[in-house]
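Taking the hints into account, I'd like the entire structure generated from these sequences.
Protein chains: 2
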Amino acid sequence: MFDPNGPVLGIDPGLSCCGYGAILGRGEDCHVVASGVIRTPASDELPARLGQLADAIDALLEDLAPSAMAVERVLFQTNVRTAMSVAQASGLAMAAAARLGIPVVQYSPNEVKLAVTGSGRADKAQVQAMVARLLRLAAPPKPPDVADALALALCHTSGATVRSARNAVASPAPGYERAVAAALARDAIR
Amino acid sequence: MFDPNGPVLGIDPGLSCCGYGAILGRGEDCHVVASGVIRTPASDELPARLGQLADAIDALLEDLAPSAMAVERVLFQTNVRTAMSVAQASGLAMAAAARLGIPVVQYSPNEVKLAVTGSGRADKAQVQAMVARLLRLAAPPKPPDVADALALALCHTSGATVRSARNAVASPAPGYERAVAAALARDAIR
Numbered sequence: 011m012f013d014p015n016g017p018v019l020g021i022d023p024g025l026s027c028c029g030y031g032a033i034l035g036r037g038e039d040c041h042v043v044a045s046g047v048i049r050t051p052a053s054d055e056l057p058a059r060l061g062q063l064a065d066a067i068d069a070l071l072e073d074l075a076p077s078a079m080a081v082e083r084v085l086f087q088t089n090v091r092t093a094m095s096v097a098q099a100s101g102l103a104m105a106a107a108a109r110l111g112i113p114v115v116q117y118s119p120n121e122v123k124l125a126v127t128g129s130g131r132a133d134k135a136q137v138q139a140m141v142a143r144l145l146r147l148a149a150p151p152k153p154p155d156v157a158d159a160l161a162l163a164l165c166h167t168s169g170a171t172v173r174s175a176r177n178a179v180a181s182p183a184p185g186y187e188r189a190v191a192a193a194l195a196r197d198a199i200r
Numbered sequence: 011m012f013d014p015n016g017p018v019l020g021i022d023p024g025l026s027c028c029g030y031g032a033i034l035g036r037g038e039d040c041h042v043v044a045s046g047v048i049r050t051p052a053s054d055e056l057p058a059r060l061g062q063l064a065d066a067i068d069a070l071l072e073d074l075a076p077s078a079m080a081v082e083r084v085l086f087q088t089n090v091r092t093a094m095s096v097a098q099a100s101g102l103a104m105a106a107a108a109r110l111g112i113p114v115v116q117y118s119p120n121e122v123k124l125a126v127t128g129s130g131r132a133d134k135a136q137v138q139a140m141v142a143r144l145l146r147l148a149a150p151p152k153p154p155d156v157a158d159a160l161a162l163a164l165c166h167t168s169g170a171t172v173r174s175a176r177n178a179v180a181s182p183a184p185g186y187e188r189a190v191a192a193a194l195a196r197d198a199i200r
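So the protein sequences, as listed, match chains A and B.
Residues in the first sequence are numbered from 11 upward in steps of one, following my numbering.
Residues in the second sequence are numbered from 11 upward in steps of one, following my numbering.
Simulated from the structure, these hints should not be mistaken for laboratory data.
Because the structure is a prediction, the values reported are computed rather than measured.
Glycine included, each C-beta is placed from N, C-alpha and C at the ideal position.
Any given hint could turn out to be false.
Ranges between beta-carbon positions, derived for each pair [said to hold, decoys possible]: (1) 11(B) / 14(A): 45 to 51 Å; (2) 13(A) / 130(B): 37 to 43 Å; (3) 38(B) / 13(A): 44 to 50 Å; (4) 85(B) / 54(A): 33 to 39 Å; (5) 68(A) / 73(B): 46 to 52 Å; (6) 148(B) / 92(A): 42 to 48 Å; (7) 46(A) / 13(B): 55 to 61 Å; (8) 68(A) / 53(B): 26 to 32 Å; (9) 149(B) / 44(A): 51 to 57 Å.
Laid out in structure tokens, this is it:
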């Protein structure tokens, strides 16, 4: 289902563990409406696992009625061993959304890092910490696939805003910018 | 749909051009029931193209009610530039079949070549020529994606049989073996 007022759904594609995270609102009102992982058993054959993943993604889209899907762009150099199944999982997610008329945007890992932490070379821990702060969670979401999916959704919702906020932390800024600036300020204090 | 008496559907996965070929029967009765390609326009966005491909594959499965799907196993070393979209297309095909309870088997290009021509190092032209001979077609099917899909279906239907026929061309053999032996004999005469 497609709902223009629905949440932005981030998908960190994977066959063994596919992270998802849906956020609604912007700036300080931005909050998590659903998050988790879809797992398929390694003991099953590949086609069966792909079928299970497709079923689960369809159920998720039906349930959440997102306004957009943000999917990690799979880069081959990352890990050739898993790149195949990650590509297949991302393909299933994008096809499922497209068939329901849900707009899909792909973001590279570096775009997500840049949008959420202000640095395209941030490490995983930094991304996870910023996701927790921006969404006012007590701790970084686990497993990391959930944090990555939420980071994708954040990147889509407010990527440009977050970047501009990072560049002007000192200046007063409304909504999302304030949230990022506040999180960064807390960081700086520690 | 899954029909235990339905044809074997070969899929040569691709996003720009996805070949399919369905064959029914064995040996000399083996014949093509459907073949062609699914194309998606390069001018469309990737998610839309994946959605179109998924729709078309579902329609094909509904229409043909295959007893099995044979899909080319994507190897990364082949062509990194297209490997991503080929992997995504193969994932869509396998998921679609699995969701309908249709058994799926993947075959490597070498397994297909070996099954159809007797040599894992056969070139494309040889494979295409053998597909035409084994299925009694006037000419190799075009585009080559169709021939590749039919070769996959042949590999699934009679791979082992074809191989044993190649090893014993001289001895009398029933059905499929005879067809292969006859084709090879015609080859030898030229």
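Tested hints:
1. 11(B) / 14(A): 45 to 51 Å: violated (35 Å)
2. 13(A) / 130(B): 37 to 43 Å: violated (52 Å)
3. 38(B) / 13(A): 44 to 50 Å: With a Cβ separation near 57 Å, residue 38(B) and residue 13(A) fall outside 44 to 50 Å, so the hint is violated.
4. 85(B) / 54(A): 33 to 39 Å: violated (22 Å)
5. 68(A) / 73(B): 46 to 52 Å: This hint is violated: roughly 22 Å between Cβ atoms.
6. 148(B) / 92(A): 42 to 48 Å: With a Cβ separation near 45 Å, residue 148(B) and residue 92(A) satisfy 42 to 48 Å, so the hint holds.
7. 46(A) / 13(B): 55 to 61 Å: Violated, since residue 46(A) and residue 13(B) (Cβ atoms, about 37 Å apart) do not stay within the stated range.
8. 68(A) / 53(B): 26 to 32 Å: holds (27 Å)
9. 149(B) / 44(A): 51 to 57 Å: Since residue 149(B) and residue 44(A) have Cβ atoms about 55 Å apart, the given range 51 to 57 Å holds.
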